[in-house]
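Please work from the sequences and hints to get the whole structure.
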Amino acid sequence: MTQAAGPRRTPLTDLHRELGARLMPFAGYEMPIQYASILEEHRTVRSAVGLFDLSHMGEIEIDGPEAVAFLRHAVASDPGALGVGQAQYSMLCQDDGGIIDDLIIYRLSDERFWVVCNASNREAVVAQLNELLVRGDFDVSLDDRSDRTALVAPQGPNAAALVAELTDVDLDVIGNYRSAHGAVAGIDCLVARTGYTGEDGFELFCDADRARELWEALTAAGQSHGLRPCGLGARDTLRLEAGMPLYGNELDRDTNPFEVNLGRVVKLEKGDFVGRAALEAIALAGPARKLIGLQMLEHAIPRAGYEVRADGAAVGEVTSGTLSPTLGEKIAMALVPAALSDIGNAFDVVVRERPYRAEQVKLPFYKRPRD
Amino acid sequence: MALPDDLRYSKEHEWVRVEGSRATIGITGFAADELGDIVFVELPEVGASLGQFATFGVVESVKAVSDLFSPISGEVVEVNETLRASPELLNSDPFGDGWIAKVELADASEVDALMDADAYTAETA
Numbered sequence: 030m031t032q033a034a035g036p037r038r039t040p041l042t043d044l045h046r047e048l049g050a051r052l053m054p055f056a057g058y059e060m061p062i063q064y065a066s067i068l069e070e071h072r073t074v075r076s077a078v079g080l081f082d083l084s085h086m087g088e089i090e091i092d093g094p095e096a097v098a099f100l101r102h103a104v105a106s107d108p109g110a111l112g113v114g115q116a117q118y119s120m121l122c123q124d125d126g127g128i129i130d131d132l133i134i135y136r137l138s139d140e141r142f143w144v145v146c147n148a149s150n151r152e153a154v155v156a157q158l159n160e161l162l163v164r165g166d167f168d169v170s171l172d173d174r175s176d177r178t179a180l181v182a183p184q185g186p187n188a189a190a191l192v193a194e195l196t197d198v199d200l201d202v203i204g205n206y207r208s209a210h211g212a213v214a215g216i217d218c219l220v221a222r223t224g225y226t227g228e229d230g231f232e233l234f235c236d237a238d239r240a241r242e243l244w245e246a247l248t249a250a251g252q253s254h255g256l257r258p259c260g261l262g263a264r265d266t267l268r269l270e271a272g273m274p275l276y277g278n279e280l281d282r283d284t285n286p287f288e289v290n291l292g293r294v295v296k297l298e299k300g301d302f303v304g305r306a307a308l309e310a311i312a313l314a315g316p317a318r319k320l321i322g323l324q325m326l327e328h329a330i331p332r333a334g335y336e337v338r339a340d341g342a343a344v345g346e347v348t349s350g351t352l353s354p355t356l357g358e359k360i361a362m363a364l365v366p367a368a369l370s371d372i373g374n375a376f377d378v379v380v381r382e383r384p385y386r387a388e389q390v391k392l393p394f395y396k397r398p399r400d
Numbered sequence: 005m006a007l008p009d010d011l012r013y014s015k016e017h018e019w020v021r022v023e024g025s026r027a028t029i030g031i032t033g034f035a036a037d038e039l040g041d042i043v044f045v046e047l048p049e050v051g052a053s054l055g056q057f058a059t060f061g062v063v064e065s066v067k068a069v070s071d072l073f074s075p076i077s078g079e080v081v082e083v084n085e086t087l088r089a090s091p092e093l094l095n096s097d098p099f100g101d102g103w104i105a106k107v108e109l110a111d112a113s114e115v116d117a118l119m120d121a122d123a124y125t126a127e128t129a
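If you read the sequences in order, they're chains A and B.
Count along the first sequence from 1, add 29, and you get the number used in this note's numbering.
Count along the second sequence from 1, add 4, and you get the number used in this note's numbering.
Each hint can be trusted.
Computed beta-carbon distance windows for the label pairs: (1) D283(A) to S113(B): 51 to 57 Å; (2) A6(B) to G341(A): 50 to 56 Å; (3) A68(B) to G315(A): 33 to 39 Å; (4) F57(B) to A190(A): 50 to 56 Å; (5) T59(B) to R386(A): 20 to 26 Å; (6) T59(B) to D199(A): 55 to 61 Å; (7) G57(A) to F57(B): 31 to 37 Å; (8) G100(B) to I372(A): 42 to 48 Å; (9) H328(A) to A52(B): 14 to 20 Å; (10) S76(A) to D10(B): 38 to 44 Å; (11) E92(B) to A190(A): 27 to 33 Å; (12) A156(A) to G100(B): 53 to 59 Å; (13) I372(A) to A68(B): 29 to 35 Å.
Since the hints were made in silico from the structure, they are not lab data.
Note that the structure is predicted; figures quoted are calculated from it, not measured.
Virtual Cβ for every residue (Gly too), placed ideally from N, Cα, C.
Here's what the structure looks like:
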């Protein structure tokens, strides 16, 4: 099928329209932002189970005898440390340590990995991986499966009970950041216990032409679990409460992993890799800036791009902000000079040309209750 | 949803109800639906002077920040303080409990430049 000019569509775009979703352009795709209410959808994920279409995301398969060596060279983390069925959060960095994209890497077999990237960065990630592959003459193949792959994600405390109804896969052995192949509602899936909401949940990867069937089976079985379809609006407030960075807001090519509190992703001890020298220098010297959590002490909502001040002087910028639906507080993440970062420190956020008081608080803003 | 036919409407999706020399203003149900869940309202101050079609406040939904444009000019004599704690009234009852401000009209003839319910319905169709 050829792609007409205009936004790309996922295999579920028509279905979203049938459900009355509000569709908006996102990362070149026409995506559901909300179905009825972002607040309702947000609360559904915190209390029951929400269903997301994330088919816009990129899935790149790396396969071959040198898959481990290649990925260890390309990304900042160490995919070689993964056992089959394990996954890790990772980053693709430039030579100067700037972040090209943040990724989740799944090890599917000894020689086969999936690299899942942001839709907005898919071309850049594929280009970078291809270039490194050719330059290093690695014995691996790269297959961008994004257009053939759908991603449907049930997220929330009831997600496991819901998926368990539809699969014979033993979900107890798929712990956090683990995955297994199996049938869900009779559809072949990669069942991964990953997500971007701060709740327990799954990401189910399947062939694009089975996506509707999978969505409808989850929706039907989900009725007794309090399921609602959820859009990217709720996904954004959920991830922000959970202190998770969003590429384009907290992360970009001018930001390195240490600045956004993700130095633990960078495995300097694994040997040489792209960006190593720069990242090692940053690790030694300490990052110049730091991503912090802010809670407003006055009645104004911080938003991305708003100026952050300390003692009256501009020192940084809000990267993401909202009224937290779960906490009822006005919260933000902001990049400020590292020397100014300490829990309890006072800042001002400039909203419509007026400074409003804010206090630095610990990230994440929200942690799910665990038993 | 049928629109109240005793109101006049602006292209910026505000409504006005004129009673004598005073007018009550708010945003339309169409605007509230477009914005989604409204979580914050910045009200004008009592005594503030509003210009027709000029900004007089801000509403914020979960995702977006939007200016409010006054459908008429005049002086603010009362604001709906309830909205500070319950901005969701703009979604649940935009033409009633979700009113925003009451204004002493500067020029009653300005209302003639606004749409009636039928014209506004056509505008938002």
